[in-house]
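Peer 1: What follows is each chain in one-letter form.
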Amino acid sequence: MMNNKSIADLAKGLRSGEFSSLELTQMFLDRIKRHGSLNCYITVTEELALQEAKAADARIAKGDAMLLTGIPIAQKDIFCTQGVKTTCGSKMLDNFIAPYNATVIEKLNQAGAVMLGKLNMDEFAMGSSNETSYYGAVRNPWDRNAIPGGSSGGSAAAVAAGLAACATGTDTGGSIRQPAAHCGITGLKPTYGRVSRYGMIAYASSLDQGGPMARSAEDAAILLQTMAGFDEKDSTSVDLPVPDYRAGLNNPIEGLKIGLPKEFFGDGLSGDVAAVIDAAVNEYRKLGAQIKEISMPNLKLAIPAYYVIAPAECSANLSRFDGVRFGYRCSHPTDLADLYTRSRGEGFGKEVKRRILMGTYALSAGYYDAYYIKAQKVRRLISEEFKNALSEVDVIMGPVTPSTAFGIGEKIGNPIEMYLSDIYTIAINLAGVPAMSVPAGIVDGKPVGLQIIGNYFAEDRLLNIAHQYQQVTDWHQQRPKGFE
Amino acid sequence: MEWEAVIGLEIHTQLATKSKIFSGASTAYGAEPNTQACAVDLGLPGVLPVLNQEAVRMAVLFGLAIEAEIAPYSVFARKNYFYPDLPKGYQISQFELPIVGLGHLDIDADGVKKRIGITRAHLEEDAGKSLHEDFHGLTGIDLNRAGTPLLEIVSEPDMRSAKEAVAYMRKLHELVRYLGICDGNMQEGSFRCDANVSVRPKGQQAFGTRAEIKNINSFKFVEKAINYEIERQIDLIESGGAVIQETRLYDSVKDQTRSMRSKEEANDYRYFPDPDLLPVVVDEAFKAQVKTTMPELPDAKKQRFKDQYGLDEESTTILTSSRQLADYFEIVVKESACEAKICANWVTGDLLAALNRAGLEISDSPVSHERLAGLLARISDNTISGKIAKQVFEEMWRGTASADEIIEAKGLKQITDTGAIEAIIDKIIADNPGQVEQYRSGKDKVFGFFVGQVMKAMQGKANPGEVNKMLKDKLK
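Taken in order, these protein sequences are the chains called S and D. With the working numbering, letter number 62 in the first sequence gets 62, and the count goes up by one each step, no holes. To convert, take the position in the second sequence, counting from 1, and add 1000; that gives the working numbering.
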């Protein structure tokens, strides 16, 4: 089946004439229609996709194709796409047609990738279950009553269900890794600054990072290759050369030093997930890795620090949605204050409002030092802790989530419990280091992800380590029932 | 009781960069509304600011000019408030770590010299404009100005009168134009002033409660607004009231200030470092490089003009009031080989008078420095007299011809040929025997009659010195 092929095999098939991009694209569009009830897509750009597929076929025929040319992919609806509705999962932007392309979109367009559409997500990327989306929850293809994770829930579910060859995601506190784990796919959050944020609608600017969501480390490497790189439009993007991510995939990992922070394996972790992680670590041991228990005592401070810094940044980032220039505007405003309060009150969902309020509070006169400054200090401590740990070991491993995907509706009424579901992923964003989620097992029919955390700009190393694991295991090749 | 005013100024100077501080859009003034606002200026979802290096260079140049400390590490912060002409809902400014630290400026108010401290100067972006006219009760938003770079220059509360405040403001205005970092156009809002004013009994150390007067856009209004505010505060206190900390607006029509908002109503701006921008790092090499571009500053130039050209206080003050005028003068001196004092008289006299009448700046002068130099060269080599030169200058102002061309075409060349002058003098003596008689009998006044007659006969072109000498000989 074409929907199960790797990107490399799809590219081969396109070049050999086994199938055309048009056929491939049509196949994915059909699947998207057939599985519409998963609610993965907010917008399907059928016409545009077919146009792009034709152009890709012509380019392949001319012989100047790149690996992604003609490959049907989908974009998280947080990336601005010129001429296409870009909602960020919010009623606020339900009428927003972006007049420009995000840098990531521009790069993928230049590579000749075909865009199938825009993927569902938690509203403004604020959520861990995809339930805060204005467009409704996404269902997990492994268990339709379970959440797919969030905020890149649409991306993870679409890739798992074969509704796109791969997808873009963004990760502010785990939004690539957690849904990747819950949907049994491979996701990579790059080093902060590796992928341009230009045109990626900001949630928490110092933490947001775009990255690939794919079926394997190799596919993720191919997608990241195009997404990564310095962008003069993003001052926080880093001007370092992008290595050839596929070139190092087969490097031997013998002698690899893996650190297991004992704080990752404490009380909150479910036994089933712990067993999966143990087994995965054992697999690495067999591949010649050395395992070392380490301690990172400040990790416990990550969630409180994150829930000061991210809301503080978001409270300012979301001020531009005021009903004045674009997006939702309330009907018949009576004056300026009414225009602001009703446009924002009606346009934003509950979780977004909660975080704006938290952030506004944390930045207010008299509270700034106690919250924002303190949280920044904690952030530095956590960064130092990662630097120290990664000077002792090559990578850190652990779970991505404390349990498998919980049920839709289970935690949405309890924000604190929802926030705690990101306990293993959030610290990584505070430190800015790269991390992956790799499928490592299935418990009660639901996937479990292994988290691999590396040093700054060591994406090539992470992909290599994940790829080696995927050479000796087949968790990444498992497909949810009904989506084979 | 005797009162003393305490005044500090916050001056917003629009930096003369070609593009905006965080985007590539043009900063040119006066375009159709919303035609110079790109995605970044509009605050569209997903856009990011990128700092314009030229704005940093200008801020550093200013800092060096006021002998301030340049921060090796400064930070942009978000100042949060909602307003329709503020697209992002926050202004990117500098708060805790500004690029320019403590510096100073020396002023001269009515002959009294004083050093005014400058607390800081920081970079920020301007907002757009809200237009309340012509929209049938609605408000129009023009975002052309949004993102224009500003350098906000905050003084210490060192001024004690409206006169000092104006002297400081003028000095700063002169400086930023000298540095080429601001066009100084106050009508277009390129140079705007907020004044903090308080009063205290003379001799008291502690400051009184201050009021801030916002957005005053001329030197005259700054003086009037401050004077009004000082009187208002003194009257208030003397009648048993108390000044409250508030923001006030100056109404130039009524010549008074009125309350805009009190401290209690003031915004909590919730400043925090902008995570979209990296800290601005200014190293010694960059400072040294900027320093090499430092022009001669007004005070130094004024002193040099006195020393080098032997000019008086008044001429040097006028000539150094702008870099362009000073440059114009120096080129004229150099190219004309004419005495500097004569050049200064011409530039500060005839030229400036003509420019003022026409409402033109020196940079738009119809008579370029080459042309004026050409004219003054003819005075210095005695081709024409000063009087004829004025006539030539007027021709030059109206057209494009050079002084030489005009002198040639109109035959204005001074006649130094003694034979020609002698012939005319002989004729006039012969024609006016009565006057000759009077002169010879001791009526010296009649001498002027002869000079006049000779000059008239020679259409003013005779060398006056020569005429005098020859007449005296002949009339003996």
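Don't take every hint at face value.
[As the list claims (entries may be wrong)] Lysine-lysine pairs mimicking DSSO-like chemistry, simulated, CA-CA at most 30 Å apart: (1) 1220(D) with 1263(D); (2) 1114(D) with 1129(D); (3) 1163(D) with 1301(D); (4) 1018(D) with 1113(D); (5) 1390(D) with 1410(D); (6) 1443(D) with 1476(D); (7) 1018(D) with 1472(D); (8) 1163(D) with 1287(D); (9) 91(S) with 1427(D); (10) 1129(D) with 1113(D); (11) 374(S) with 1079(D); (12) 233(S) with 1224(D); (13) 1427(D) with 353(S); (14) 1456(D) with 1443(D); (15) 1018(D) with 233(S); (16) 1443(D) with 1474(D); (17) 350(S) with 1079(D); (18) 377(S) with 1387(D); (19) 1287(D) with 1341(D); (20) 1287(D) with 233(S); (21) 353(S) with 1443(D); (22) 1129(D) with 353(S); (23) 1445(D) with 1427(D); (24) 1387(D) with 1291(D); (25) 1287(D) with 1254(D); (26) 233(S) with 1079(D); (27) 1306(D) with 1291(D); (28) 1263(D) with 374(S); (29) 91(S) with 1287(D); (30) 1113(D) with 1079(D).
If you're looking for bench data, these hints aren't it; they were derived computationally from the structure. Owing to the predicted nature of the structure, the values given are computational and were not obtained by experimental measurement.
Peer 1: Now tell me, hint by hint, if it's right for this structure.
Peer 2: Right, here's what the structure says about each hint:
Taking the CA atoms of residue 1220(D) and residue 1263(D), the gap is near 27 Å; set against the 30 Å cutoff, the hint holds. Proposed proximity of residue 1114(D) and residue 1129(D) is contradicted: the alpha carbons are some 37 Å apart, above 30 Å. For a cut-off of 30 Å, the pair hint linking residue 1163(D) to residue 1301(D) stands: about 24 Å separates their Cα positions. With a C-alpha separation of about 36 Å, the suggested pairing of residue 1018(D) with residue 1113(D) is violated against the 30 Å cut-off.
Taken as a hint, the residue 1390(D) and residue 1410(D) pair is honoured in the structure, with Cα atoms around 14 Å apart against an allowance of 30 Å. At most 30 Å may separate the alpha-carbon atoms for a hinted pair to count; residue 1443(D) and residue 1476(D) meet this at roughly 13 Å. A C-alpha spacing of about 67 Å is found between residue 1018(D) and residue 1472(D), which places the hinted pair above 30 Å, so the restraint is violated. Between the alpha carbons of residue 1163(D) and residue 1287(D) the distance comes to roughly 34 Å, so the proposed pair goes past 30 Å and is violated.
This hinted pair does not check out: residue 91(S) and residue 1427(D) have alpha carbons roughly 103 Å apart, beyond 30 Å. As the CA atoms of residue 1129(D) and residue 1113(D) are separated by approximately 39 Å, the hinted pair breaks the 30 Å bound. The straight-line distance between the Cα atoms of residue 374(S) and residue 1079(D) is roughly 20 Å, inside the 30 Å bound, and the hint therefore holds. Between residue 233(S) and residue 1224(D) the CA atoms are separated by roughly 46 Å; this puts the pair beyond 30 Å, and the hint is violated.
With a CA separation close to 105 Å, the supplied pair residue 1427(D) and residue 353(S) exceeds the 30 Å bound. The hinted pair formed by residue 1456(D) and residue 1443(D) meets the criterion: a straight-line CA distance of about 22 Å does not exceed 30 Å. Among the hinted pairs, residue 1018(D) with residue 233(S) is consistent with the structure: their alpha-carbon atoms are about 18 Å apart, no more than 30 Å. A C-alpha spacing of about 16 Å is found between residue 1443(D) and residue 1474(D), which places the hinted pair at or below 30 Å, so the restraint holds.
Under the criterion of a C-alpha separation no larger than 30 Å, the hint pairing residue 350(S) with residue 1079(D) is consistent with the structure, at around 25 Å. Straight-line distance between C-alpha atoms of residue 377(S) and residue 1387(D) comes to about 78 Å, which puts the hinted pair past the 30 Å bound. Restraint check for residue 1287(D) and residue 1341(D): not satisfied, since their Cα atoms lie roughly 38 Å apart, outside the 30 Å limit. Distance restraint check for residue 1287(D) and residue 233(S): the Cα-Cα separation of roughly 26 Å lies within the 30 Å cut-off, and the hinted pair is therefore satisfied.
A C-alpha spacing of about 103 Å is found between residue 353(S) and residue 1443(D), which places the hinted pair above 30 Å, so the restraint is violated. Between residue 1129(D) and residue 353(S) the alpha-carbon distance is near 29 Å, which keeps this suggested pair within the 30 Å criterion. Taking the CA atoms of residue 1445(D) and residue 1427(D), the gap is about 20 Å. The hint holds against a cut of 30 Å. Only pairs whose Cα atoms come within 30 Å are accepted, and residue 1387(D) paired with residue 1291(D) is rejected, the gap being roughly 46 Å.
For a cut-off of 30 Å, the pair hint linking residue 1287(D) to residue 1254(D) is broken: about 47 Å separates their Cα positions. The hinted pair formed by residue 233(S) and residue 1079(D) meets the criterion: a straight-line CA distance of about 22 Å does not exceed 30 Å. Among the hinted pairs, residue 1306(D) with residue 1291(D) is consistent with the structure: their alpha-carbon atoms are about 25 Å apart, no more than 30 Å. For the proposed pair residue 1263(D) and residue 374(S), the alpha carbon gap of about 28 Å is at most 30 Å, so the pair holds.
Taking the CA atoms of residue 91(S) and residue 1287(D), the gap is near 49 Å; set against the 30 Å cutoff, the hint is violated. Only pairs whose Cα atoms come within 30 Å are accepted, and residue 1113(D) paired with residue 1079(D) is rejected, the gap being roughly 37 Å.
Checked against the numbered hints given earlier, the structure breaks hints 2, 4, 7, 8, 9, 10, 12, 13, 18, 19, 21, 24, 25, 29, 30 and satisfies all the rest.
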